[in-house]
Amino acid sequence: EAEVAQSPRYKITEKSQAVAFWCDPISGHATLYWYRQILGQGPELLVQFQDESVVDDSQLPKDRFSAERLKGVDSTLKIQPAELGDSAMYLCASSFYRGTGANVLTFGAGSRLTVL
Amino acid sequence: SQQGEEDPQALSIQEGENATMNCSYKTSINNLQWYRQNSGRGLVHLILIRSNEREKHSGRLRVTLDTSKKSSSLLITASRAADTASYFCATDEGGNDYKLSFGAGTTVTVRA
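Top line first, the protein sequences correspond to chains G and E.
FYI, the numbering for the first sequence is 1 to 116, going by the working numbering.
FYI, the numbering for the second sequence is 1 to 112, going by the working numbering.
I should point out that these hints are in silico values taken from the structure, not numbers from a laboratory.
Just to be clear, a hint being listed does not mean it is correct.
In the DSS-like style, the derived pairs of lysine-lysine whose C-alpha atoms are separated by at most 30 Å in a straight line are [what the hints assert, rightly or not]: (1) E:Lys26 x E:Lys69; (2) E:Lys99 x G:Lys78; (3) E:Lys56 x G:Lys62.
Required output: the full structure, derived from the provided sequences and hints.
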């Protein structure tokens with residue numbers, strides 16, 4: 001069964017350091033999402049890509065976060081510098097959705113970030 | 001911002017009992033989905049109900065949707081220990097199918 005791959009699974013870093021997360025969506029999935037999930041809360045959308053283009057990054061803290069999906073396949077989410085409040089699970093999801101039918105997301109296992 | 005709100009926040013039941021959780025949302029939707037998340041893992045899609053549907057079944061899952069009240073319920077019948085997880089509803093905001101917003105979730109614990 002096809003999966004969304006994410007790495008690393010766990011990352012511990014000190015505040016002010018840079019950190020990067022990688023996501024490889026299911027082959028053929030045009031839409032890719034990065035969500036942040038703070039412990040005990042639901043996922044909150046950070047950025048959405050359609051192919052290589054950013055569709056929605058309104059909730060992305062652009063002073064420290066950046067995301068790219070250069071060839072419309074895999075994606076990287078970067079935080080620089082990391083702050084204590086960035087400790088969370090970072091979830092990548094993808095879907096085949098292109099405007100018709102239903103948009104059902106497949107999630108990766110997530111990257112757990114702890115900032116000390 | 002989160003479109004949906006689940007109720008209750010947490011639920012503890014005995015194995016074999018039914019578990020019911022509710023989701024309320026704010027704007028009009030095209031679809032409502034339910035996802036499950038096991039501890040420390042990603043979310044897994046369970047079931048989707050369209051705005052023109054009132055009830056849907058999948059195995060031991062039953063979902064209802066009341067668009068006039070902007071609410072949905074998820075019923076898990078004959079619960080098992082493996083159903084222990086957090087459950088989230090997800091809605092498209094204002095009919096924008098690309099933008100899915102998740103509620104805060106209901107944590108279900110099934111006791112053996």
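So which hints don't hold here, by number, going up?
3
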